[in-house]
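Novice: In the order they appear, the protein sequences are chains A and B. Counting in the numbering used here, the first sequence runs from 1 upward without gaps. Counting in the numbering used here, the second sequence runs from 1 upward without gaps.
A couple of the hints might just be wrong.
Quick list of simulated restraints, FRET-style, between CB atoms [unchecked claim]:
1. B:R104 - A:G99: 26 to 36 Å
2. B:Q95 - A:E62: 23 to 33 Å
3. A:L113 - B:S41: 14 to 24 Å
4. B:E66 - A:T20: 45 to 55 Å
5. A:I55 - B:Y46: 33 to 43 Å
6. A:S96 - B:N54: 17 to 27 Å
7. B:N57 - A:P8: 24 to 34 Å
8. A:I55 - B:E14: 39 to 49 Å
9. B:A17 - A:T20: 41 to 51 Å
10. B:S41 - A:G28: 20 to 30 Å
11. A:P81 - B:A17: 49 to 59 Å
Every beta carbon over 12 Å from chain B, so not counted as near; a handful from chain A, in silico [unchecked claim]:
12. Q17
13. G28
14. D63
15. P70
16. F74
17. E83
18. P84
19. V112
It is worth saying that the hints were derived from the structure and are not from the lab. Beta carbons are placed, not taken as given, at the ideal position from N, Cα and C, and that holds for glycine.
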Amino acid sequence: DAGVIQSPRHEVTEMGQEVTLRCKPISGHNSLFWYRQTMMRGLELLIYFNNNVPIDDSGMPEDRFSAKMPNASFSTLKIQPSEPRDSAVYFCASRSGSGETQYFGPGTRLLVL
Amino acid sequence: DAKTTQPTSMDCAEGRAANLPCNHSTISGNEYVYWYRQIHSQGPQYIIHGLKNNETNEMASLIITEDRKSSTLILPHATLRDTAVYYCTGVRYGQNFVFGPGTRLSVLP
Numbered sequence: 001d002a003g004v005i006q007s008p009r010h011e012v013t014e015m016g017q018e019v020t021l022r023c024k025p026i027s028g029h030n031s032l033f034w035y036r037q038t039m040m041r042g043l044e045l046l047i048y049f050n051n052n053v054p055i056d057d058s059g060m061p062e063d064r065f066s067a068k069m070p071n072a073s074f075s076t077l078k079i080q081p082s083e084p085r086d087s088a089v090y091f092c093a094s095r096s097g098s099g100e101t102q103y104f105g106p107g108t109r110l111l112v113l
Numbered sequence: 001d002a003k004t005t006q007p008t009s010m011d012c013a014e015g016r017a018a019n020l021p022c023n024h025s026t027i028s029g030n031e032y033v034y035w036y037r038q039i040h041s042q043g044p045q046y047i048i049h050g051l052k053n054n055e056t057n058e059m060a061s062l063i064i065t066e067d068r069k070s071s072t073l074i075l076p077h078a079t080l081r082d083t084a085v086y087y088c089t090g091v092r093y094g095q096n097f098v099f100g101p102g103t104r105l106s107v108l109p
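Bound-form chain B, shown alone (with noise of 0.2 Å):
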């Protein structure tokens, strides 16, 4: 599995798009790039998953580089509630994820 690395912590202020990056630089071709977040005392929680193309959902926007070595997930319209612990962390088919320590945003009012 790819070895991912986040930035420790991120502020965003509230109603502005939250820019979450990381770099996978190991990455091979077969690995997709999962984002998951972890509010306060919740399980983790999917947000999204690409593995060449950009992706969107109803949460976010995952931006994959065109050499796939690093990713930015954007949550355009960052709310109190958005405030958690990101993982980015890379898989390949039929392989399990391997969780580091995220990135700890704080949505601010």
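So that you can see chain A by itself, here it is in the shape it has in the complex (with noise of 0.2 Å):
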């Protein structure tokens, strides 16, 4: 199994920019979520999804975050316009539906200048 798979791996942009990151969840796995790590706050999750729908977005920054998952295999987080303090690693992971392990994707590394 290739694991789960983010793209792209680094992002560079300028402020006011739309950020787009991509995941995809390993094939069977039922539960996608998304993280960001930063120094200051550590690895916090912004949302998940459970068989495709959003089920706890409580995390999301605010409302130039946004999330979708159009299908069990594709998520989607976009930040519309990016600010410099959305400069994080943003992870994805997924589970399956029989228990509570999450495997996480290689992050990406976003920098908003």
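Starting from the two chains in their separate frames, assemble the complex, guided by the hints.
Specialist: Below, the structure written as structure tokens:
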């Protein structure tokens, strides 16, 4: 299995631009999670989906952030407009329906100038 | 979810056992203890989890005290590649992980 796949691995953009991060979960997993990691705040859960439906988005910082999961094999996290304080590493993780173990992708390192 | 407490950092000599403690005194009876690690610039990696009994897999052993208020992750023969931040967290079925700052383990040659 290829594991969780994220793209791009690195993104540098300018303030005000739209950023789209992509995630392909492990095949057969029915839950998907988006996390953000910064030095100041550590690893934070932004949103998670179960069977493609958003269940809890209480961690999404503000309306500039949105996430979608149009099918079981793809999810996006969009930031529009981006701001320098959005600079962080964004991780996607997936989980099967038979346990709590989450498997993380390699992350997208975002830098907003 | 149980609040967990871990030492900020630890050192271990290469080839020796690394014993990483975690306190979770508020853990409830149906919360699992999970361990993850994060090697620099990589995503968190699942290591092991347990409920009551001690567990062992190809990566590590997990020792949970009888009262479940604390646990120890054991890497039996630490290598330089085990240098990472190790996270201990408690989770109930249907809930999500909350990651603290973890323990930064440095394996020294």
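Novice: It remains to establish, for every hint, whether it holds in the given structure.
Specialist: Tested hints:
no.	hint	result
1	B:R104 - A:G99: 26 to 36 Å	28 Å, holds
2	B:Q95 - A:E62: 23 to 33 Å	24 Å, holds
3	A:L113 - B:S41: 14 to 24 Å	20 Å, holds
4	B:E66 - A:T20: 45 to 55 Å	49 Å, holds
5	A:I55 - B:Y46: 33 to 43 Å	21 Å, violated
6	A:S96 - B:N54: 17 to 27 Å	24 Å, holds
7	B:N57 - A:P8: 24 to 34 Å	33 Å, holds
8	A:I55 - B:E14: 39 to 49 Å	43 Å, holds
9	B:A17 - A:T20: 41 to 51 Å	45 Å, holds
10	B:S41 - A:G28: 20 to 30 Å	28 Å, holds
11	A:P81 - B:A17: 49 to 59 Å	50 Å, holds
12	Q17	24 Å, holds
13	G28	16 Å, holds
14	D63	22 Å, holds
15	P70	22 Å, holds
16	F74	18 Å, holds
17	E83	23 Å, holds
18	P84	21 Å, holds
19	V112	19 Å, holds
Of the numbered hints given earlier, the model fails hint 5 alone.
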